[in-house]
Amino acid sequence: MQAGADVSSRMSSTTQHAAYDTKVEGNIIFTQVDTAINWMRKNSLWPMPMGLACCAIELMGSASSRFDISRFGAEVMRFSPRQSDVMIVAGTVTYKMALAVKRVWDQMPEPKWCIAMGACASSGGMYRSYAVLQGIDNLIPVDVYISGCPPRPEAVLEGLMKLQKKIELEQSAVAQFKRGEGGLIEG
Amino acid sequence: MATLDSLKKEFGDAISETIEFRGETTIVVTAASAKDILKHCRDELKFDYLVDISSLDNLGTEPRWEMVYELCQLGNGSNEHLRVKYSLREDEKAASVADLWETANWHEREVYDMMGIEFSDHPDMRRILMWEGYPFYPLRKDFPLAGRQSDMPDVAFTDRAPLEGGPFVTSPTSSSTVHREPRSRTFE
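Note that the protein sequences, when read in sequence, are chains F and U. Under numbering that gives the first Met the number 0, think of the first position of the first sequence as 0, with each following residue one higher. Under numbering that gives the first Met the number 0, think of the first position of the second sequence as 0, with each following residue one higher.
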């Protein structure tokens, strides 16, 4: 207990906020609507795990403790498309499965993103075959392609960070304003 | 081999050829007697396990199809195998053995799905891997590796896979792999 108290007293005396001080500025942060929205979206990407082959095992690996996808706010794997933000197509999409994947995608509410994980989901991979769809981008728009067969969990996390970077640059509020629907900004 | 002697005594002329290769026994029989021989194998010779049913497409030769049944004695622990083969014309149906071995039901559906050979008296003659309405039989020799276009609205569609220099098709032959392996050939 004594040690803890020492640490906290030391913290309060030495911690200084050069850029932001609640005592001066109150509980106010100046930012842009888009920046705030994007910040919230990118840090709580709930994946729809579309696990179709061995990539799904690596996806499970990236969710477990060694790689820990929750460090990026994406640990809430939703098995309902209606609660999901990003569909991770992990594995070989056969023609028999293709329209089912499309249907799950259609059931996801906007805004939504798609990660094609691994060679098969990106391009059909080694399956130049009568039975395999040659890339999920034939059916749904893909934001990030992850190479590998299957990709290691680090690559999945890298792909997720790429998607976060992409989301950071979105201008949904500005676009709404330009379309003349911008009640939020026009006041 | 006791099995072989028993079969020859019982069926005689219906067995046209017996092949022994490194301890594996294969008998070639006539299509008409195949069901009776398989039944005899199960009931009298204790081949209680049907390992697999497969089929071959000898495109360009007559008869076109060749059925292969892989049997095994599991119950008595001898682990003896027997392969039964017979040829089938394109307009013929194979006799279903689903009433002898339950597992034949799905094996025969796979043969039907991939090769298009139909089975008489099968309890459930549907496709097993591809969907109902898929118009092709993908393991036939005249089917290109890249596949063909098809469309069943709201069920599934297929398209040609990009193959540089294709389509690649295998050829039936008894000579070496060089002749057999998939090469750019057109079957339209």
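Please keep in mind that the hints were generated in silico from the structure rather than gathered at the bench. Some hints could be false.
Pairwise CB distance ranges (calculated) [as the list claims (entries may be wrong)]:
#, chain 1, residue 1, chain 2, residue 2, range
1, U, 48, F, 96, 45 to 51 Å
2, U, 89, F, 75, 54 to 60 Å
3, U, 101, F, 169, 30 to 36 Å
4, F, 147, U, 148, 29 to 35 Å
5, F, 96, U, 51, 24 to 30 Å
6, F, 109, U, 123, 53 to 59 Å
7, F, 53, U, 154, 22 to 28 Å
8, U, 58, F, 67, 40 to 46 Å
9, U, 102, F, 96, 46 to 52 Å
10, U, 179, F, 96, 37 to 43 Å
11, F, 53, U, 89, 34 to 40 Å
12, U, 153, F, 168, 50 to 56 Å
13, F, 74, U, 177, 38 to 44 Å
14, F, 146, U, 58, 21 to 27 Å
Yeah, the Cβ is synthetic: ideal placement off N, Cα and C, and Gly gets one too.
Evaluation of the provided hints:
The hinted range of 45 to 51 Å is not satisfied by residue 48 of chain U and residue 96 of chain F, whose Cβ atoms lie roughly 32 Å apart. Checking the proposed 54 to 60 Å range against residue 89 of chain U and residue 75 of chain F shows it holds: the Cβ atoms sit about 56 Å from each other. Look at residue 101 of chain U against residue 169 of chain F: about 57 Å separates their beta carbons, and that is not inside 30 to 36 Å. Between residue 147 of chain F and residue 148 of chain U the C-beta distance comes to about 30 Å, which sits within the given range of 29 to 35 Å.
In this structure, residue 96 of chain F and residue 51 of chain U meet the distance hint of 24 to 30 Å, their C-beta atoms being roughly 26 Å apart. A C-beta distance of roughly 43 Å is found between residue 109 of chain F and residue 123 of chain U, which places it outside the suggested range of 53 to 59 Å. Separation of residue 53 of chain F from residue 154 of chain U is about 26 Å and conforms to the stated range, judged on CB atoms against 22 to 28 Å. A C-beta distance of roughly 55 Å is found between residue 58 of chain U and residue 67 of chain F, which places it outside the suggested range of 40 to 46 Å.
The hint said 46 to 52 Å for the Cβ distance between residue 102 of chain U and residue 96 of chain F, and at roughly 26 Å that hint is violated. The hinted window of 37 to 43 Å between residue 179 of chain U and residue 96 of chain F is violated, with their beta carbons roughly 32 Å apart. For the hinted restraint 34 to 40 Å between residue 53 of chain F and residue 89 of chain U, the CB-CB distance of approximately 39 Å keeps it satisfied. Checked against the hint of 50 to 56 Å, the pair residue 153 of chain U and residue 168 of chain F fails, with Cβ atoms roughly 37 Å apart.
Checked against the given bound of 38 to 44 Å, the beta carbons of residue 74 of chain F and residue 177 of chain U, roughly 53 Å apart, lie outside it. About 39 Å separates the C-beta atoms of residue 146 of chain F and residue 58 of chain U, a value inconsistent with the hinted range of 21 to 27 Å.
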